[in-house]
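A.B. asks: Sequence:
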Amino acid sequence: MLNEIIAIYVITDDLLKAIGHKDDMRCQMSDAEIITTALIAAIFFNGNHSKACAYMGDHNLIPKMLEKSRFNRRLHRLSMLINDLFHQIGMILKESSNCTEYLLDSFPVPMCDNIRIFHALLLHSEDYRGYIASKKRYFYGVRVQLLTTKNGIPVEFVFLPGSANDVRALNALPLNLPPGSEVYSDSAYTDYTAEDDLNDSSQISLKVMRKKNSKRQDPPWEKYIKQCTRHYIETVFSGITCVFPKSIHAVTYEGFLLKLQAFIFSFTLQKAFIE
Numbered sequence: 204m205l206n207e208i209i210a211i212y213v214i215t216d217d218l219l220k221a222i223g224h225k226d227d228m229r230c231q232m233s234d235a236e237i238i239t240t241a242l243i244a245a246i247f248f249n250g251n252h253s254k255a256c257a258y259m260g261d262h263n264l265i266p267k268m269l270e271k272s273r274f275n276r277r278l279h280r281l282s283m284l285i286n287d288l289f290h291q292i293g294m295i296l297k298e299s300s301n302c303t304e305y306l307l308d309s310f311p312v313p314m315c316d317n318i319r320i321f322h323a324l325l326l327h328s329e330d331y332r333g334y335i336a337s338k339k340r341y342f343y344g345v346r347v348q349l350l351t352t353k354n355g356i357p358v359e360f361v362f363l364p365g366s367a368n369d370v371r372a373l374n375a376l377p378l379n380l381p382p383g384s385e386v387y388s389d390s391a392y393t394d395y396t397a398e399d400d401l402n403d404s405s406q407i408s409l410k411v412m413r414k415k416n417s418k419r420q421d422p423p424w425e426k427y428i429k430q431c432t433r434h435y436i437e438t439v440f441s442g443i444t445c446v447f448p449k450s451i452h453a454v455t456y457e458g459f460l461l462k463l464q465a466f467i468f469s470f471t472l473q474k475a476f477i478e
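The working numbering applies: residue 204 is where the sequence shown begins, and numbers increase by one.
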C-alpha cells in the first residue's frame, strides 16, 4: 500500500511539473498531495475522503493535512486540473503504444435506486433516468462512456445523462487517436454517418457489431473478430466498479462526478504504471 501511494504521488507531481503547473505559495498542502489523497481514497477507501485524509495524516505521509471541509474545497477547485492530467496520461499511453486497437463501451452509475428518484436531492431531471438492458431495470444517474486500449487501460472518458444513447458518445468523446486506429464497440454505437466521417477525416475505423437488419453486414470472420475483441472491456468495467461503495456519497452533483473521475483515474494509474 505504501509503495502504491508513493508511486501515485510521484507520477502526479511529475505530471504537474511537466505541464508547468505551480502551486500557490500560501497553501499548506500542495496540489499533488490533494490529488494523491483523492486517488488513494478511490483505491483503498471506496471513495471516502475522510478516511483517506485520516490515514495520510496519521502515518505522517502528509504532515500538514487539511481538515475535511478545506480539503473538499481545494479538491473541487482542482477538478478541471485532474481531468487535464488524466487526458495527458491518455495521450502518453496512446503515443507510446504500438497497438492501434481500442475498445469503446459504456456502463451506468446510479446515484440512487429507481424507487427513490422523487426524493433525490442532487438532480431533478428525467434526462438522468436510464435503462439497464442487461438487468432489465431503470436507474437514476449517469452513463460513463469509456475508451480503453486493447489491454483495458482507460484513455478517454465522458459522463452523459443516464437516458443518453451511446451514439452521443461519438460526438462527446475527443477520439484523439493515431491515424489507422480501430475502435471496437457494440451495436448501440451504430451511426453510418459518424463511421464515414471518422474514416474520412481522421482515418479511424469504427468497428461496430452489426444488427441483424443492418445495411452493412460483416462477413463471418470479421463478425467473429469483433465479438472476441470487444468483450474484454467488460472486465475493465468490473475492475473499476469493484471498489465502488454501495452508493457513492456526495453532497453535490459536481462532487459525485469528481469521485467517479477519481475511480477511473486511479484505475488507469494502477493498470499502466503500478501493476
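Just to be clear, a hint being listed does not mean it is correct.
[Stated by the list, open to error] Derived DSS-like pairs (lysine-lysine); straight-line CA-CA distance at most 25 angstroms:
(1) K353 with K267
(2) K474 with K353
(3) K267 with K254
(4) K414 with K429
(5) K338 with K415
(6) K415 with K426
(7) K267 with K220
(8) K297 with K353
(9) K414 with K426
(10) K474 with K297
(11) K414 with K353
(12) K254 with K415
(13) K297 with K429
(14) K225 with K267
(15) K353 with K426
(16) K338 with K449
(17) K418 with K429
Hint data in this document are derived by calculation from the structure and do not stem from the laboratory.
A.B. asks: Among all the numbered hints in the text so far, which are the ones the structure does not match?
C.D. replies: 1, 12
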